[in-house]
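Protein chains in written order, with the numbering used here: chain E, 311 to 812; chain P, 251 to 330; chain Y, 178 to 547; chain B, 115 to 214.
Everything labelled a hint here was simulated from the structure, so no lab data went into it.
Chain E is nowhere near these chain B residues, computed Cβ spacing over 10 Å in every case:
id : residue
1  : 133
2  : 134
3  : 165
4  : 172
5  : 176
6  : 177
7  : 181
Straight-line alpha carbon distances no greater than 20 Å define the calculated DMTMM-like cross-link-like pairs of lysine to aspartate or glutamate that follow:
id : chain 1 : residue 1 : chain 2 : residue 2
8  : E       : 551       : B       : 199
9  : E       : 615       : B       : 198
10 : Y       : 247       : Y       : 203
11 : Y       : 260       : B       : 185
12 : E       : 369       : Y       : 263
13 : Y       : 248       : Y       : 200
14 : Y       : 287       : Y       : 362
15 : Y       : 274       : Y       : 348
16 : Y       : 476       : E       : 765
17 : Y       : 198       : E       : 386
18 : E       : 354       : B       : 199
19 : Y       : 222       : E       : 749
20 : P       : 276       : P       : 327
21 : P       : 283       : E       : 759
22 : Y       : 222       : E       : 346
Cβ atoms here follow ideal geometry from the backbone N, Cα and C, with glycine treated the same way.
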Amino acid sequence: MAKLNVSTRYKALTRDLMWDPKDVNIKEIYPLIEAEGIHIRDPKRWEDPFRMTFNQYVKIQSEKEHLHHAIRGAFEANHGHARIVDSRWFEGVKAFAVAVQPAEYAAHRLMAYIGRNIPIEAIRFATFNQAVDELRHAQIEIKHYAHMSRYYDGLHAYSKTNENLWFNTVPKSFFDDALTSGPFEALIAISFSFEYVFTNILFLPFASSAAAVGDEHFASVGKSVQSDESRHMALGMAALKMLLEEDDRNIPIVQRWLDKWFWRCYRVFAVISTLVDYYPRIRAISWKKAFEMYVEDQVLNGLFKDLFKYGIRPPRHFEDSMKEKEHYSHATMRILDHYKHANYFRGFRLQPDDYDWLSREYPNTFERYYAPFFRKMDDHVMAVASPGLPAVCAVCQIPCEYPNPDRPQESWTQYVEYNGKTHMLCSPGCRDIFLAEPEKYMQWWWPAESYLSGEFGSSLEDMFEYFGFTPEEANEHYSSRDYHRWIRYREELGLDKRFETV
Amino acid sequence: MLVWVRVPSDDRFLSHQGVPAHPDMKAQELLDKATQMWGLPEGKTYQLVRLHATGQQPVHLDKTLQENGLRDGDPIDLLG
Amino acid sequence: MTMQARNLQPIRQQPWDWATKNEYEEVTLREQPYIHGHYRNKYYKPDYDIYDPRYTRVRVRDWEAFRDPKKLWYQTYVMTRKKMADEVEALFERAGKLAIYERVDPAWRKFSLAFYTPLRHYEYAGAVQLQHVVRYAMGCPIEQAATYTAFDKQGRAQWLSTWALEFAGGEGLQALQHARQLWLEDESYDKLRSYMEHVLVTDDWVEVLVALHLAIEPILDRLAYEQLNAISIEHGDPVLAELALICSEQVQWQENWTASLFQLIATDPTTSRWDYLKSLGYEDWPGDYRWGRTLSNPKSTPEETLTNQEIMSQWASKWISRAIQAVTPLQSLLDRHGISCAVEPVMERAMASYILPTLEKCGIDVKISV
Amino acid sequence: MATSQQQYVGVDLDKNGGAVTDAVVEAIQQDNPGVELVDFNIYVKVKAPQRMIIRRQLVEDILGRNWDLQELHMVMASYFGFIEEWDEEKLVIRWSADES
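Bound conformation, chain E alone (with noise of 0.2 Å):
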C-alpha cells in the first residue's frame, strides 16, 4: 500500500473515533463542556506534536522501564544507599517521596478526567497517554522508596502519612485544587503551568544532585520521569495555543488560570527549593540560578514573549517570584526547621560547607538573614523549634513564615476578611488567589484544629500513630539513628576504609 506519512496516519488512527451520537443528547455525555465560559470552533486542526500511538507508547514505555529497573536493581543489590555521599540526603528524598509521589498518583487521575471530559480528539490521546504515564511515575517512586523504607525511617506509612500530615497537605491541597476545578482550568493547572514550567526545576536540577551525591537510583528515577515529561510539555503548549486561538473570549479565562496557577505551583515547589539548595552536600545547581535558567529565560522571556501577540500578559506577581528567589530555599528551610519535630523528613545542622556554599550563591541574603537562624543549632538542635501548631497559607497550605522580599526582616502574611472570619495567607500571590474563589478556599482541611481538638488523642503518642511515625523518625539527622544506622551500613561494606599507599 502506499505508505501514509506520520501526521497522516497519526490521524487516522486517533481522529474521527467519536461521532456526534444520535440517542442521546451530546450535553449529557459532556456535561462539563460549556461550565467554564470556554468556546471551540474547530479544534480539529490542533495537534499533539508527538503524535505518539498505541504502539510506539507501550515499546519506548518498555525500553525506558527496563533500563530504569536494571539500574533500580543493581542498586538495591549493591547496597548503594550506603555508598552516597552523606546520608542527609535521603532526608530530602523522603520529603520527594511523600510529598511528589503523591502527586504523581492525584495527576494520573486527573488526566483521566481531563480527558473524559474534553472532547478533543486532537489532545486526547496525549491525555490518555499522560494518564498512564503518571501511575508509572507514582509506581516508579514507590518502588524506590519502598527500598529505602526496608533500611531507613519516615516512610513505612507513607499513605496515612500522606493523609493526615500537616506537611503534606500543601501537595495534596494543589492538586486537589485541580482535581476539583473544570476540566479546561485543569488542563492549563497542570499540563501547563505544571508541566511546562515548572517540572524542569522539578527533575533536571534534583536529579543531577541524586548523581553528584551518588544516588544512582535516584538519578535515574528522575532522568526516567523527566522523559516522559516532554510529552506532557508538548500536550500542555498545544491545549494553551488551542484555547488561545479558538476564540478570543477564552484570553481572558486563560489569563486568570495562568495567574492563578502560575502562583499556585511556584508555591508547591517551596520544599523543591530546600532540596536543590541544602539537602544535597554536593548540589548541582542553586535555587536561584535554575529558576532563572527554567523560569525567568525559558518562560518569562521565552514563551510570555510569544504569548504577547494574543494579549497575554506574564502572570500576576511573577515579579515577586522573581525577588523571592535569593530568599526562597532559606526561608523554606527555617520552617522545616521550626517543624522538623513533627515531620517525617528531619532537619540538619548545616556544616562548614554548607554554610560556605550558600554565602557564595546567596551573596546578598544568606548571612545576613538566615545564617545567623542556623548558627542557633549549633548548640542545641531544637532551638528554633516551633513552640506549637502554626498558622498556615489558606491557599497553599504552608505557615505563614514568609519574609516579604523588599523588607526581609518583616513578614509578608497577609489578612483577609471573608465570611465572618479572618483568613491568613502567606503572600500577596496568594492572597489574591483567595479573594478570586474564596468559597473554595474556605473549604480547606487543616490539621490545626483536628489536633488541638484531640479529635486523634490526647497526648503525643496519638498525634505520631495518627501521622504514621513516631517521634523518633523526626527531628535532626546527624543526631539521629538513621545516621549510625547509615554508618553501620558503611562499616559492614569498608566504604571507609583508608588505604595506604607507600
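For this one, chain E is given, so just place chains P, Y and B on it according to the hints.
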C-alpha cells in the same frame, strides 16, 4: 475556639501559633497562656493586638475574648 | 536474606505497615488517599468529596481488597503490551511481504472491512467511558485495572484502524471513512451505536463496568475476536484471525478482573457505604465536614435500600437485554455479505460460558427481556 | 514586543544517551547558527536563538547507523519553544514572536 498568637519580636521568624481559647476567658488569661507557650520572660509587661484585614485593634486584657469581639481563628500579635 | 551481614540487616522486611505479598501490591495498595480531601467539586456533583463512596450505589466493606488476578502494574503492563505490539507489527509486515491480502476471498474482504473497521468506534467509546471509571472509582487496585483496560481498548481501536489501512491498500483512509458511515447510518449498527452512547452517559462507575464487561463485550468480543477466526482462515485471511487472537488475550484479562470485582461487590453484605473507613483504620473519623466549611454532611445521604446483589441484578438485567438487542442485528451484515455465521448461538455460548457462570458466582438472577 | 533579550529555544539531552546524544548535539551545531551548550552533569542543555532544527539524516550520517527520530524520546528530557514540526525527517522547535 482557637486563636493564633504571634510574637513579632521572636527572632525565629515564626508565624502565629494556635492557642485553644474560650469566649468567656479574660484576655489576660489568654496572654498568660501565650507568654508561657512562647517561653517569654516573666515579670515583663506585654500586650495583645488583634489583626484585621483593615488594620489592628488593641485587646483589653481585663475584658473577655467575647467582649473584645474576638472570633474563632483570629490572629493576634503579642507585643512586649 | 540470611546471606547478609548482621550490620546490613534491613530494619523491616516489609516496606509498609500494611502487608504486601508482591511488587504489584507494594505499588498498588493504599495509593489513593481516602480522607481529608480539601475541596468539593466545582461543577460535577458539587456536594461530593474528591474520592467519595457515593459515586456508586453499591457498598463495599474494603475497597482495597480487590486484586487484579494478573497483578498488572505499570512495568508488567507495558512489557506484556510491547510483546503484543511487536507481534501485531510483525503480523502486518509478513502479510504485506507475502501479499496475503491479495489472496483473501473478495466476499470476506468486503465483509471484514464492513464489520471490523467500525468496531474501532466501539472500542474507543469504551476507552473514553473507562476514563470516567478511572477518575471516580474507589481505590487504586480497581482504577489501575481500569486504566490499563482503557489503554488496551485504545490500542485495539488503533490496531483495527491500522489493519484497515493496510488491508484496503491505497484506499485506507476511505475505508475508515466508509466504516464511520456504516457505524453511524447502517441499521446493523444502530443498536450497538446506541448502546455505546448510553454507556457514555452512565454515571455510576460500577454500572459502567457492568454495561461494558458483563454485557456487551463478553458477547461482541467473542463474535469478533473468537467466533469469526476460523471463518476468516477459511476465506484465506489468517491475518485477521491472528490479530483477533492477540485482542482476545486482552479481552480475557478484562473479563477476568471485572468478574472478580463483581463477585467481591455482590457477595459483600455491607449496608453502610461508610464501612470502608473501618478497614482503613479510621473507624471513629467523623468526617471533615464538621469544621463547618464544607457544604453538607456526606453521611446524611440516605443509604440504599436494595442490596448490592439487587442493584447488580437490575443493572445486569438491563444491560444484558440491551446487549443482545445490540448484537442481534449484526446478523444482517453477515448475511448481506454471504458469511455463514449465526450470531444467536454465539450469544448463547457467551451466556453459557461466561455471563451466567459469573452471575452465578455473584449470586445474581437476571431477567432477560429481548 | 521588542526583543530586548534573545529568545532561545532548545532541548535538554540525557548524557546517558552516549553516542546518540553526542550525534544529536553535533547535528544541532552543524545545522543551526549560534548554538550554545550548557553542561549540566547528567544533562546537556543545547540552545539556539529563536529556532532549532534536528534532521534525521544528519544525525544518521554522524552516528553511522540507521536512526529513527522516535529514538529522540529516549534522550530528550525536556525542551523549550513550540514544536512546529516533528515527522520522519526533522524536528523543528521555534518561537514565533517575530512573525507578528
